[in-house]
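Those protein sequence lines, which keep their order, are chains A and B.
For what it's worth, numbering that gives the first Met the number 0 labels the leading residue of the first sequence as 0, then goes sequentially.
For what it's worth, numbering that gives the first Met the number 0 labels the leading residue of the second sequence as 0, then goes sequentially.
Among the hints, a few may not be true.
As the list claims (entries may be wrong) - DMTMM-like, lysine to aspartate or glutamate: derived pairs with alpha carbons at most 20 Å apart:
#, chain 1, residue 1, chain 2, residue 2
1, A, Lys90, B, Asp413
2, B, Lys67, B, Asp286
3, A, Lys90, B, Glu416
4, A, Lys151, A, Glu131
5, B, Lys212, B, Glu181
6, B, Lys411, A, Glu89
7, B, Lys154, B, Asp188
8, B, Lys241, B, Asp104
9, B, Lys326, A, Glu89
10, A, Lys151, B, Glu25
11, B, Lys411, A, Glu86
12, A, Lys32, B, Glu416
13, B, Lys206, B, Asp156
No lab work stands behind these hints: they were computed from the structure.
Spelled out from the first residue to the last, the chains are:
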Amino acid sequence: MEEKTEAVNSNKNTPCVIHMDNILKTYVMGDNKVYALKGISFKVQRGEFLSIMGPSGSGKSTCMNMIGCLDRPTSGIVEIDGRRTAEMSEKELAVLRNKTIGFVFQQYHLLPSMNVLENVMLPLRYQGVPREDRLGMAEEALEKVGLQDRMKHRPYELSGGQKQRVAIARATVTHPQIILADEPTGALDSATGKAVLQLFAEINSTGTTIVIVTHDPKIGASTPRCIRILDGQIQSDENQTPVPWSKE
Amino acid sequence: MKIKLQFRGAKSKVRAQNKKEKNMWEDFINALQNFVRNRTRTFLSLLGVIIGVASVIVITSMGKSSTKEIQDTFGSSGLDLVSVSSGFMSRRNRTSSATISFDEDFRKDIFNNIDNIEKVWYKNSLSCTLTYDETTVTSNATAVETGYMQMAGLKLDYGEYFTVTDSVAGTQKVILGSEIAEGLFPEGDAVGKNILLMTSSVPFNFKVIGVLKEQTSGMDSSTTGIYITRGFYEKEIAPNPKASTVILQATDSKYTTQMVTDVTNFCSSYNGTSYSVSVTSMQTMIDQMSEITNTLSLMLSAIAAISLLVGGIGIMNIMIVTVTERKQEIGIRKALGASPAAIRQQFLVESASITLMGGIIGILLGIGISFAVEYVRSQSFIINWSACVISFVFSVFVGIFFGLNPASRAAKLDPVEALAGE
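Next up, chain A with everything else stripped away, as it sits in the complex:
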C-alpha cells in the first residue's frame, strides 16, 4: 500500500497522464466476437481539457472504462499516470481509481442512503483518511462547488444541477490527476449544464486533466481538444478553439 502510493505520486512529473496504445477490446456475445475498440491510440498530457465524442455504440464508453481503470484492454497498452493497467490486480486498480481518477456520471450515481457530506467523504474513506480529516476535506470540496449549505441533505432533496455538483465535489475531493466525466450534462437543462461545464473549466485551470465523454457535438466543440470515435476507431483528434456550449 505504502509503496504503491509512492509509485503513483512519483509519476507526477511525467507530462503524459493517459497513454492509449493500440487498444483492442473484444466481447464475446454468443458465437459472435464484437469489437468494441479496434486499435485506438492517443496520449493526453497533464492539464489538458478534452472531450471524447461519438454516437452510442461507437466505443466511447468502453474507452472511458479503460481510462477509468474499470476495464482492461484485450490487447494494447493503457497507461494511466505512468502505470500499465493490464498488469495490475483488482486491488491495485482500485487504488489507482481512488487516487488518480475522479468520476462524474450522467446519472450522478450518488448513494441515496448517505447525505451529501458522506457521499463526498466516501472516496477518502477508501484511502484510509481518518474521519476528522475527511470531514474537513469534503467540506472544502463542497464549498468549491457552492454547496456548503446543503451538506446534510440527502441526494433526493437536491436538484439535478446540485446533484451533479455534489458528484463533482466527490470526484475532486481526492485531488485526482484526472476527472473523467460521462455525459455530465446529459440530464441537465441548458443553464445548469453550462454552469457544470464552467465548473470543469475552473477545475481544469488548477491543473487537473479533464476528460468528458459525450455524444453531443456541441460539448465536443466546447473543449480545447476533441477526439471523435466511430465504430471503435478514432475518426479525428484535433485541437480547436472552444465554442461555449448551449443546449439549443
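Let chain A serve as the given structure and place chain B on it in line with the hints.
Just chain B now, with coordinates in the frame of chain A:
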C-alpha cells in the same frame, strides 16, 4: 495540498491500524441504516436466528431453573434415605391388592435382608387441628422416633428437639413448622406455650418445645408440618402401631438406587405374599427429573440448531438479494476506489450486524419467554448469562459464515457491469 498529501503519507502507517476498525464501524452504521430501511423483510429473514437464539436462552434458563429447583427441593441432606409406603399398586402388578404391615417384625426382617441399611425409621402421620387462644389451624402431624428430625435435616429455629425420655414416656410435646408457629403465635416466642391438639375429635394438651427453621429442602415439611413423638402415638392413638411410612437410612447415599430395587423385590415376595409398595428415594426422583430435563434440553437444542441453520440460510438468501439489488451501489463504490476486500468487508459486516440484531432480539425474547414460563411454573427465574454471551457471539458467527458467499459475490462483481446496474 502537496504538503498535506505528504503529511498524510507520513502518518498513514500509524493510522493503518485504526483504519480498518474505523471503516468497520462505519460499515456497521451503514448496515444498521439499511436494516432500518428494509426492516420488514430483514426481520422476517431473521426469524430463524431469533427463534434459534431464543430457544437456546429458554432451554438453558429452564435447565438452570429446574436444576436449582431440584437442589432446593432435595438439598444435600436426605440423599441417603429410601422411603417405603404401602397402598400404592404398581402398574405391572395390578392383581396384588394385599396391604403390607409395617410392624416391628417387618422392621427386623427388612433390616436383616437388605444390604447397607444404617437404620430403619418408622413414621406415622395423622391429621389434626391445633388451637391456641382463638386461633385454630389444620395440619398434618408426623409422629417420629428420637433422632429422626436431626437425621432428616430438619433444623430448629429455636427451642429443642425431642429427647429419648420424651419418646419413651410419650410426653405431649410438639415441634411446630415455621408457618404453623407463625399462624398460632403471630407475636413469636411459641416455645413453652400450651396448645390444644385435636385428632379424631379427641383433644390433647401439648407443649410447644421447638419451632423449625424454614427450609425448602427435605422430604418432610419444615413449614406446614408439626412433629410429635412416636411414643405418644403408640401410647394414646394406637398401641403397637404399624408405621405409615418406613424410612430406610443407607450407610451411604451411593446405595440408595440399588436399595430401591432391593426393597421393591423384597416386598413383592415378603412372607410368601406379593405386596405392592411405593418405594422412592430422593436420588431416584432427582434422576427422573434430570432425565426429563435432559431429554427436553436435547429436543430443544435440536430445534435451536435447526432454526439457526435455517436462519443462517435465510440470512444468506437475503444477503444475496441485497447484493443483487445494490449492484449499482457496489459499482459506484468500486469506481470511487473501493477494493474487493473493502466491498467484502462491507457486506460481511452487514450480514454480521443483521444476525447480531437477530441475536439481541432472540436473547430478549428468550429471557421474556423463560421469565413467563418460570413464572407460570412458579420456578425461580434464572438467566444463564453465559448462554446469552455464547448465543450473541454465535449469531454473529452465523452472520459471518453465511455472509461469506454473498460478500464475495459482491467483491467479485465486474465494476463496469455493476455500474450499469443490470
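Given hint aspartate 156 (chain B) paired with lysine 206 (chain B) - CA-CA distance at most 20 Å: Status holds; Cα separation ~17 Å.
Pair hint lysine 326 (chain B) and glutamate 89 (chain A), alpha-carbon separation not exceeding 20 Å: 17 Å, holds
20 Å limit on alpha-carbon distance, applied to hinted pair lysine 212 (chain B) and glutamate 181 (chain B): The hint holds at about 12 Å.
Restraint status (C-alpha distance of lysine 151 (chain A) to glutamate 131 (chain A) at most 20 Å): 16 Å, holds
Restraint check for lysine 151 (chain A) with glutamate 25 (chain B), where alpha carbons must lie at most 20 Å apart: 17 Å, holds
Distance restraint between lysine 411 (chain B) and glutamate 89 (chain A), which requires alpha-carbon spacing of 20 Å or less: 9 Å, holds
20 Å Cα cutoff - pair lysine 90 (chain A), glutamate 416 (chain B): 17 Å, holds
Given hint glutamate 416 (chain B) paired with lysine 32 (chain A) - CA-CA distance at most 20 Å: Cα-Cα ~18 Å, so holds.
Given hint aspartate 413 (chain B) paired with lysine 90 (chain A) - CA-CA distance at most 20 Å: 13 Å, holds
Pair hint outcome, lysine 411 (chain B) versus glutamate 86 (chain A) [Cα-Cα no greater than 20 Å]: Holds. Lysine 411 (chain B) to glutamate 86 (chain A) sits at ~18 Å (cutoff 20 Å).
Holds or violated: lysine 241 (chain B) to aspartate 104 (chain B), with C-alpha atoms at most 20 Å apart: Given that 20 Å is the threshold and the Cα spacing comes to 10 Å, the pair holds.
Straight-line alpha-carbon gap lysine 67 (chain B) to aspartate 286 (chain B), limit 20 Å: 14 Å, holds
Violated hints: none; the structure is consistent with every hint.
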